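Protein chains in written order, with our numbering: chain Y, 22 to 550; chain F, 23 to 435; chain E, 61 to 395.
Since the hints were made in silico from the structure, they are not lab data. Honestly, I wouldn't trust all of these hints.
[Stated by the list, open to error] Footprint (simulated), chain E over chain Y, 3 or more residues, beta carbon under 8 Å: (1) 136-147; (2) 166-177.
[What the hints assert, rightly or not] Some chain E residues judged to face chain Y by a derived CB distance under 7 Å, without partners named: (3) R295; (4) A368; (5) P369; (6) W374; (7) P377; (8) E383.
A quick note: this is a predicted structure, and the numbers were derived from the prediction, not measured. Beta carbons: idealized from backbone N, C-alpha and C, even for Gly.
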Amino acid sequence: MSPRPGFVLEVDRSTPPTMLWHGDGFRQERFPVGTRVVYPPEPVPALADPDAAIRHALEHPVGGSPPLSALLRPGMKLTIAFDDVSLPLPPMRAPDTRERVIGAVLDAAAAGGVDDVVLIAALALHRRMTDDELRHALGSRIFDAFAPHGLLRQHDAEDPDAMVHLGLTDQGEDVEISRRAAESDLLVYVNITLVPMDGGHKSVATGLASYRSIRHHHNVRAMQHSRSFMDRHHSELHSSNWRMGRLIADAGVRIFQIETTLNLDTFPSSFSFLQRREWEWTLRDRAGFHGTRAALERTPPALARQIFHSIRSPHALASVQAGEVEAVHDLTLANLYRQQLVQVEGQSDVLTMGLPYLGPYNVNSVMNPILVSCLGLGYFFNMYRGKPLVREGGVLIISHPTPWAFDPVQHPSYIDFFEQVLAETTDPLEIEAKYEESFATDPWYIHLYRTSHAYHGVHPFYMWYWGAHALQHLGQVIIVGGDRAAVRRMGFKPASTFADAFEMAEDVVGRDPTITHIHNPPVFMSEVT
Amino acid sequence: MRALILERSLGRFAAARAASLLAGSGSGIAVGPLRLTDTEPPEPPGPGWHHVRPRLAGICGSDLSTLDGASSRYFEPIVSFPFVPGHEIVGDVVGGELDGVRVVVEPVLGCLARGIDPPCAACTAGRKGACERLAYGHLRPGLQTGYCADTGGGWSELLVAHESQLRPVPDGLGDEAAVMVEPAACAVHAALAGGVVAGERAVVLGAGTLGLATLAALRHHSLPSAIVVVAKHPVQRELAGALGADQVVAPEELPRAVRRLTGSLAASRSGGLGRLAGGADVVFDCVGSAGSIASSLAVVRAGGRVVLIGMPGSARVDLAPLWQREITLAGAYAYGSEDTPDGPRSTFDLAFELVASAHLERIVSARYPLERYEEAIRHAAAAGRRGAVKVVFDLRRSSRRGWRAAADVEAGS
Amino acid sequence: MSPAGGAPASTKLSPLAARRLVERARSRAGGATRTLSAVVRAPTWPGSVERPVPRRNVGADYDTAWSRTPAARAARAVLVEGVTRPFVRAVAPPTILGADQLDALEGPAIFAANHSSHLDTAIVLSALPARFRRKSVVAAAADYFFDRRWKGDLWSLWLGTIPVERARISRRGADLAAKLIDDGWSLVIYPEGGRSQDGWGQEFHGGAAYLAKRCSVPVVPVHLHGVRPILPKGRNRLRPGRVEVRIGTPLWPLAAAASGREEDARRFAARIEASVAALADEAETDWWSARRRAAAGLTPDPRGPDVAPWRRAWELPDSRRAERPQKPISSWKPW
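With the rest of the complex left out, here is chain Y (with noise of 0.2 Å):
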């Protein structure tokens, strides 16, 4: 049977209490009659052989670029970059595509007789991976070639030795780069694109640059101008992106980029019900969804935590395609819609989700009031294409209960900004303009950046300049369940249950508005027409 489409289904009076996330748990709710509830689509099918996909791709590549085999030689230097920790989410089963794909490189390295290689974990401004996580990358084969000698690195974009400015775009934007990477006579880039905001150009534009660089995309007025950030042909983030990218080409830098999708298979067989519609529920769903509920409510929150976080995801590789990094974008881009896209038609009034224990940056970790917000204003809510599922002036209503906790060794700067910068104001331009710079320079969070595992100073702004466009759109963000203190600091309102949330709504939208919950996991975008 070929996997379902997504669909929107419209609550009637049979339809079964709808499952949503609520951090580390799940709660049922029944939405008021006439509710539209998106649901995503099933997983496509998996490549039979990933390993044989992987190798052609490599030496079928798209966009003009030779075969890799054709460019690797003795005595060259050879520069390998890959996605970080922040992919995918959850932390996918061994082996991690990035193991396959630099595995099949090196194959071809070492068949070619290349012996100057480096590995650079891309992770721009986010905090330095673990040897565990990179372990679980790689694999040990490649790790325990490289990382002994040193030639398994992270990027370290405040190292200024280990930089170089390549030169402004038209637009005047810096972009300042990995030096290694640079002067490599190939990048390979080894990318993971799960949401369509991924790959292309960013992927060395962003992952292996600098605040100086990064900081002409990553900001307020980016944000605002993108509608969305998700969809790469109406994003500020990604124009910038691309001029960036055809700057570092022109520069003499040649990369050659390999893309992968996943399918949707995101949670395993025994959370089977998360992926499930609810009026499909076998009986071995509904025994799993209540036992684990009642479960967790018996579960202290921070062993709940340790064992979501412990959760591995089935993902399987969807497409592999390599090359040039514009040609092999657009492909990849086809195969994720093709995954991911659901035909939704109209707004609504109000939009509703549940939001989950994990986002691209609490691998590992608490996922503090900040990251809720991104997460659901940055992440969730742009993932559209056309124009948001809720009006302009409309309400949005998540579900989380958004604790007052942060983790000191990966967010330092996280818990000053919620404590000292969102305490004084909440709007994104003041933010940006009075407080962006001292801590992006602030010395204690660069040196817990560089020698830690702490996210860069600078990164909470960007994570709430992410959801920017959603504070400029929406007329009021309504948390269900959230830790009161927590969401009124962000401006947001708390509400105890949905009905509240609901009352509270039509104040702002007026009587009985048309309601539209995002039904996850797995994440998905909508096309709203």
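With chain Y fixed as given, assemble chains F and E onto it according to the hints.
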């Protein structure tokens, strides 16, 4: 005359101590050593003494710790029992050539008040607060009015004060403002003792009366580039903002706020903030507990100053940072005269100016008659939590008759 | 404080008397402590008296003669049979191939093995037939196994180690080994001079060849397969797994008659190395392929290709691959 009197009763002190340890400050008032009595007013101990009828008398943190039985035994030789507490006093002189003059009492009982001639070196230099003769002369021991058996104190209907203690109140200044002059004088003294120069960064730990007054004094008398105030309660936060704090933070937020403000590094081992590498130039500790002293030492830079304004007692504090970072830890108790760019000036004169310019009368948040002293003390002990800062006894005749049920009326603001 | 009231004064203790009692008790206790510490602590040496230089019984100078007394040998037999062999069977159960090669050997022999793990000695000793096992010594690095007195005691008792210098043949070490071989002891030696750094083999030193020539005993090539993944250099956690021990044909130094002139120690060492390499090839493939390749001079070099470190690691067979220990990262707990 009615007066609140504190007697030396070891049993009652012990009971108050036990109650305050068990149920928090102020909760031992019913079993403690303070009681309301009808007694003879004190007689002037000599020439130059006047009767003063208090209008308002403040309840100070040091009074509360005495009532809790938590005061340091250090004070025993310079206090004489039984005494009427209350050293933040505005009142009217009764009788004599000054009859009817509204005054603030400068409570330190120095050599002049004690009839000691020649006065000690400190008094000669105008530094009354440092007087060496607090237990001598024709008065019984007592460091201030409000701790001396011979003078009476503010928590009564009549006391005696030496003419050197009387500070006439300008006409434009209300009673609520005037009662703030004494704490303001302490704050001015402390702020100047901190020696903050332009561009330095200061932390004020605590936002009770002393903390807020110190903040106001810093804003008035020096040019710090930033003042961070640590406030626990909403009312304190609001007032700290209004009085010119650049940043108001909760106690647990202080190290991070100071780190970011000063761009300092921090040594963290397991992810927490750890020890700051740099820090603030001056910290004014307006709490005086072991915890607050430790916090002060944790956020002051190497070579910086910590000024202790809140009354401390015996405290267990790790002094390793004091030693390694060569921090100056200084006390700031009371007033006398200050060196200003315009030459030496009386601290009280500076305090009068500060109270008027910073509108410190808004800090007075609740007034009680003497009869309701138990409530008053409990309110003062929980001031921040219950939305108040300074709690005072109101002894004005006009208000005596028509006492409204709600005594704790917001004043000022 | 005065003893007023009805109580008889005799039962009361005056403060002064009490203090005296306390002081007396304290001085008595102090005396006992002082005596005890005088017993425990060695006396200090007077500054005016010259100190003799203490005898160094560590490193290559460590004297192992005691470990070959009958009592020590009996103790060692108990340890090897009761601890070492059961331990090896538990964490690295060995399959022994070619033990029949030793049937014809009468006297002592030198066992030359590749070296990748601390477990190697325990495995070799477990694998040797009893007659060799009972009367063998192991050449162990003087700087590692004999750098402390207690370590020398421990290893020479348990494994019968004798100290040798890694790189050069010291007179003392060689004389001791030669004397022991002449006395009928077999010798286990690792000609690589230390454990493998990255899984690939290292060049064979000439010690085994020299001793074989000097004492006219055969060298038995031994190859250990699959030990590194269990306990590689640089890790201290065991990951149990199966191993294979291959015993090759004993090699005699070629006499002058065979080649026209006598084979020197260096050439003999190369022959030993080639022989171990052929056993390694056999472990990866099969006996017949390995033989044919050895005959054609195509045996893969156990020292690996001379290319960039990552490519050496990349081409390492799985049987020699081992996960390195994690670099220490901050011991953070995210929750």
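TODO: Run the structure past the numbered hints and jot down the numbers of the failing ones, going up.
DONE: 3, 7
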